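Visitor: Chain by chain, the residues:
There are 4 protein chains.
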Amino acid sequence: MSWLSTSIMAQRGVAHGIEGAHQKITIEDQGTFHYVYGPYATPVLEVEPGAVVTVETHDAFEGAITEVVDNPSSLLNFPFLNPQTGPIYVKGAEKGDALAVRIISIRPRGPQPVGTTCLLTEFGGLVATGDTALLNPPLPEKVKKVVVDEDGVHWSDTLTLPYEPFIGTIGTAPQIEAISSLQPDYYGGNMDVPDVAPGSIIYLPVNTDGGYLYLGDCHAIQGDGELCGVALEIPATVEIHIDLIKGHGNGWPQLETEDKMMFIGSARPMEDAARIAYRELVRWVAAETGQSESDAYMLLTMCGKVRLGNMVDPKYSLAAGIEKKYLK
Amino acid sequence: MSWLSTSIMAQRGVAHGIEGAHQKITIEDQGTFHYVYGPYATPVLEVEPGAVVTVETHDAFEGAITEVVDNPSSLLNFPFLNPQTGPIYVKGAEKGDALAVRIISIRPRGPQPVGTTCLLTEFGGLVATGDTALLNPPLPEKVKKVVVDEDGVHWSDTLTLPYEPFIGTIGTAPQIEAISSLQPDYYGGNMDVPDVAPGSIIYLPVNTDGGYLYLGDCHAIQGDGELCGVALEIPATVEIHIDLIKGHGNGWPQLETEDKMMFIGSARPMEDAARIAYRELVRWVAAETGQSESDAYMLLTMCGKVRLGNMVDPKYSLAAGIEKKYLK
Amino acid sequence: MSWLSTSIMAQRGVAHGIEGAHQKITIEDQGTFHYVYGPYATPVLEVEPGAVVTVETHDAFEGAITEVVDNPSSLLNFPFLNPQTGPIYVKGAEKGDALAVRIISIRPRGPQPVGTTCLLTEFGGLVATGDTALLNPPLPEKVKKVVVDEDGVHWSDTLTLPYEPFIGTIGTAPQIEAISSLQPDYYGGNMDVPDVAPGSIIYLPVNTDGGYLYLGDCHAIQGDGELCGVALEIPATVEIHIDLIKGHGNGWPQLETEDKMMFIGSARPMEDAARIAYRELVRWVAAETGQSESDAYMLLTMCGKVRLGNMVDPKYSLAAGIEKKYLK
Amino acid sequence: MSWLSTSIMAQRGVAHGIEGAHQKITIEDQGTFHYVYGPYATPVLEVEPGAVVTVETHDAFEGAITEVVDNPSSLLNFPFLNPQTGPIYVKGAEKGDALAVRIISIRPRGPQPVGTTCLLTEFGGLVATGDTALLNPPLPEKVKKVVVDEDGVHWSDTLTLPYEPFIGTIGTAPQIEAISSLQPDYYGGNMDVPDVAPGSIIYLPVNTDGGYLYLGDCHAIQGDGELCGVALEIPATVEIHIDLIKGHGNGWPQLETEDKMMFIGSARPMEDAARIAYRELVRWVAAETGQSESDAYMLLTMCGKVRLGNMVDPKYSLAAGIEKKYLK
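Chains as they are written, first to last, in the working numbering: chain A, 257 to 584; chain B, 257 to 584; chain C, 257 to 584; chain D, 257 to 584.
Think of the hints as simulated: they come from the structure by calculation, not from any bench.
All values reported here derive from a predicted model rather than from experimental measurement.
Hints may be right or wrong, so weigh each one.
Same chains, same label: a pair holds when it works inside one copy or across any pair of copies.
[To be verified] BS3-like, lysine-lysine: derived pairs with alpha carbons at most 27 Å apart:
| id | residue 1 | residue 2 |
| --- | --- | --- |
| 1 | 584 | 401 |
| 2 | 561 | 516 |
| 3 | 581 | 398 |
| 4 | 561 | 401 |
| 5 | 280 | 347 |
| 6 | 581 | 401 |
| 7 | 580 | 401 |
| 8 | 351 | 398 |
| 9 | 561 | 581 |
| 10 | 398 | 584 |
| 11 | 561 | 398 |
| 12 | 580 | 398 |
| 13 | 561 | 580 |
Produce the complete structure using the sequences and hints provided.
Guide: Here you go:
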């Protein structure tokens with residue numbers, strides 16, 4: 257498996273190939289979704305490290321926006337938003353470990369038009385919100401339904417965008433907190449980083465026995481920052497490989513793609529998300545390559561890569577990375 | 257009771273004087289403290305609206321820092337910090353209501369020196385932290401134990417500060433979240449606003465049946481911003497009067513003192529806390545006085561008062577207020 | 257002179273009482289106002305340290321808003337806003353020194369209604385702006401003209417506010433920059449801190465020969481944060497005493513009132529303004545009292561006082577202070 | 257010239273091909289460098305629109321760091337940092353126009369090792385600074401000198417990085433301000449966006465007659481955010497083509513590469529830089545394609561691209577863009 261051979265983390269801890277058992281969580285298996293990341297839920301599935309699991313997720317609105325309406329927010333029932341499938345209990349996972357979740361595939365699931373985006377009052381990157389609370393009148397709400405198929409994302413009669421799916425929200429449970437699935441943080445959650453896509457591995461810190469893996473909120477495509485706050489939301493069928501790395505939990509999520517190694521920080525203001533992501537990366541590069549922190553800091557000044565995940569959630573998410581070829 | 261006659265909110269909803277039943281929660285009653293604000297705990301006391309309750313709280317370190325040591329953080333067990341007494345279930349409280357908690361008295365409780373402050377690594381307003389993540393070396397840690405008695409806060413041989421006690425952390429449970437007691441937010445929590453003091457009434461939004469009132473983290477004195485992150489922490493005996501205002505829940509905590517009416521916003525960056533507090537206040541003043549929002553906005557430009565609660569917690573807290581005499 | 261005897265800074269450097277020469281800058285003397293703080297202007301007056309100067313200032317709109325109109329911004333000619341009187345050249349002032357400017361009096365000047373406030377599009381603390389750039393529609397503009405006389409600020413038929421005048425904008429020239437008078441920074445400028453009022457002394461860093469003191473933008477009253485961005489703007493006659501403290505320039509403006517010593521920080525986000533102000537204060541208290549920085553940091557955690565100047569200018573201004581009685 | 261044919265802006269205003277006159281500014285022609293962007297300097301060259309100019313720039317330290325020393329900041333003379341060549345007066349340029357500066361080539365100039373980077377006290381993205389003012393001890397300073405030649409950037413014996421040069425600082429003069437060349441803003445300045453590279457066109461607003469184009473601060477390579485604050489600084493010979501677009505000045509710099517159209521926002525906190533850049537882009541896409549702002553906002557939610565320029569300067573710079581193929 258080439259992904260294993262390119263994985264730096266994997267070389268020192270991931271024990272299991274994808275020959276593990278195949279399991280499944282359908283929407284029916286799930287029953288009630290979860291709207292918080294926490295340890296107070298009952299696992300819907302237990303797996304051994306190495307398992308491949310097919311997970312059905314719903315869209316961020318739990319399917320409530322079925323057609324183009326003028327006031328989509330009237331269809332939503334805050335705080336019951338961004339429904340999550342799970343939690344998945346990973347046997348042997350303990351505080352201090354990392355879950356390594358490889359994303360194998362993401363396929364849209366459901367009748368066309370399967371994709372939904374919309375403008376919601378007091379939500380989004382270019383409007384006043386509950387957090388950036390102003391007196392301006394709101395923008396009008398608006399819904400757009402979009403066909404997503406093998407040819408791509410059919411945005412309009414004249415514009416087809418590529419199908420570039422990823423998992424918007426994925427993470428483990430905090431130890432004692434239960435936090436809205438609208439929020440990203442050190443345990444993952446609603447990061448909305450488009451690189452959490454097929455072919456990538458996300459390493460998530462384990463904070464409680466079993467890890468309690470949740471996921472949902474798949475996007476057919478999203479620009480940097482998820483500007484209006486609602487990407488092209490789809491119900492999806494996600495295939496993941498779940499592995500366990502004993503004793504290698506980081507403070508924040510680490511993301512490995514074919515050619516890059518990244519850390520994802522989530523905070524407000526946005527510079528604090530950037531500082532978190534880059535500090536994690538500086539320390540990891542220093543440890544990985546045997547350089548001093550000062551030298552790693554200088555090196556990343558030359559070749560660090562930043563990707564903005566979201567500028568709309570309760571915390572902003574930003575990934576800082578380095579190309580693997582510079583780690584040799 | 258003069259506090260009732262001066263209470264604007266009270267005139268339209270607070271039904272009960274302090275002749276209500278007197279009840280008590282001792283440390284022994286409490287047993288295990290809580291470290292999250294959430295609905296998943298079992299109430300330690302049920303009260304009728306109008307009850308007066310004497311509540312014993314522990315200090316923010318649960319008494320772990322008993323003497324001057326070099327490395328206080330080694331004595332702490334994150335995330336089990338800032339222990340909260342409660343929750344108190346208020347009969348009849350439903351989502352959309354407000355709890356009106358009048359603070360009657362706060363007395364230090366325990367052997368001298370009863371007050372503790374300290375510098376902790378990666379915590380505080382003038383150092384790099386986990387949120388503002390930098391590569392600088394840390395400041396050395398440090399502990400100071402302080403006698404607090406009827407004469408005041410005995411800071412040093414030559415300096416006695418006044419005893420100005422308040423409740424650092426008080427709030428209701430979110431509807432489905434369980435959030436660290438280190439954090440303030442729309443439901444209250446670790447706001448660290450010094451005006452939450454004897455003589456004041458704090459109005460907290462009810463998000464779940466019974467409201468689930470928690471409190472803890474009393475301070476013998478604190479400057480604006482709680483600069484190093486640790487005020488003069490004391491175990492305390494707090495006497496409060498709990499009332500219920502049906503259907504008058506605000507989005508954020510409202511605080512009434514003898515002469516001011518305030519709202520407390522909590523957010524990062526700090527300007528967002530200020531915007532929240534002032535937007536709530538503009539809208540409340542407009543509704544209360546029959547002015548337009550624009551007129552209230554202009555009036556508060558002339559006479560708004562701001563008090564910084566904390567510049568150290570996961571969200572910063574700031575109160576924006578107006579003198580009651582300008583509301584006539 | 258009691259202000260001198262209460263002045264801590266003065267005890268070690270201010271050489272001259274207010275028996276100095278009395279000089280004057282009228283509007284006619286000034287001719288053209290300045291809209292930047294910089295070294296490229298020609299001084300309108302030269303003074304010896306110790307001079308008392310009566311300075312006429314215009315209001316922030318240079319008198320352009322004479323009546324209640326629907327669209328005040330159409331009367332303004334950006335960037336020619338916030339006109340400043342000066343610069344005043346202080347003989348002997350060199351980089352590294354401080355100017356100590358005592359404010360003796362501020363009187364409104366001109367026909368009634370002499371006070372102006374307004375709501376301007378894309379300007380203010382609770383609306384989207386050029387800095388916090390959003391897509392929301394704007395609030396409508398609005399003007400209010402207000403009589404200010406010996407009885408106070410006649411806000412409405414039923415509400416009279418106190419006359420609490422202060423200088424909104426005062427500072428020295430940067431060494432090589434020329435920065436809009438709408439902005440506050442390390443040299444002073446548009447800080448909008450209400451304590452820059454009669455009875456106070458502001459210590460400003462000298463960055464260039466002569467210091468180049470500018471002032472303007474007097475307010476008849478203003479709440480914390482100058483919420484809508486426009487306080488009660490008045491043309492004024494200001495009497496100041498200008499002194500020079502050789503070799504005692506601080507990094508940021510220091511402000512002394514009868515009972516407090518403060519530093520003013522200006523930055524975005526607001527927490528950075530607070531950090532600047534408090535770091536300056538920690539270091540000054542440590543030096544002044546012979547404590548370590550850690551001890552001063554702990555002391556200010558207990559008794560620091562914060563006043564928000566503005567939450568509307570290109571940088572936010574915030575003062576952090578300590579009561580003088582705690583410095584003994 | 258393919259760059260012209262791919263230029264959207266050019267199709268409606270850029271009048272002149274690169275057959276214009278070739279002119280030159282050598283270091284000797286320049287004489288004294290400039291350290292502010294402002295209208296108070298004397299132009300070093302006048303050009304007609306369409307001119308090709310070869311400009312020699314110095315490195316950000318004006319060559320003061322010639323070898324590896326322990327305390328590079330002792331060699332620097334603040335505020336005389338980031339020396340700029342220019343200003344160039346563009347005939348016919350008036351407020352409201354745009355300068356279109358195409359970057360043809362950037363070559364290192366001077367003896368090897370020609371590249372310099374360093375860690376400076378209180379400067380950089382992962383340390384406390386004068387703006388984010390903390391009490392932590394500083395990181396040690398450090399210098400690295402690097403050979404840059406046709407093979408690339410010789411970072412170490414085992415690591416050669418690509419030569420990816422760009423102009424760190426380029427812009428026009430504000431109308432009445434003169435602002436440090438360390439700062440970026442609406443007129444350009446120290447943006448440090450790596451796409452300001454050979455093959456790109458940057459459109460800069462003209463604020464004053466002649467535009468007053470300044471440039472300097474070339475980098476041989478830089479990662480996203482310019483993490484430690486000092487990229488690989490080189491003295492350079494830059495060839496640019498300067499054109500004038502009458503009446504098409506934007507509020508903020510626009511940047512066109514072969515396949516993308518971007519806007520660059522500069523502000524603190526970082527989300528405000530992102531909001532500025534994206535709001536400019538939303539409005540430009542709407543105008544360009546005939547969509548409503550709401551539709552452009554939704555489209556950019558799907559396919560907007562963000563590049564972080566700097567997270568270290570007095571304002572952070574961030575570019576938001578869209579691929580040109582989505583504009584058809």
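Visitor: Going through the numbered hints above, which ones does this structure break? Give me the numbers in ascending order.
Guide: Hint check: 8 fails alone, others pass.
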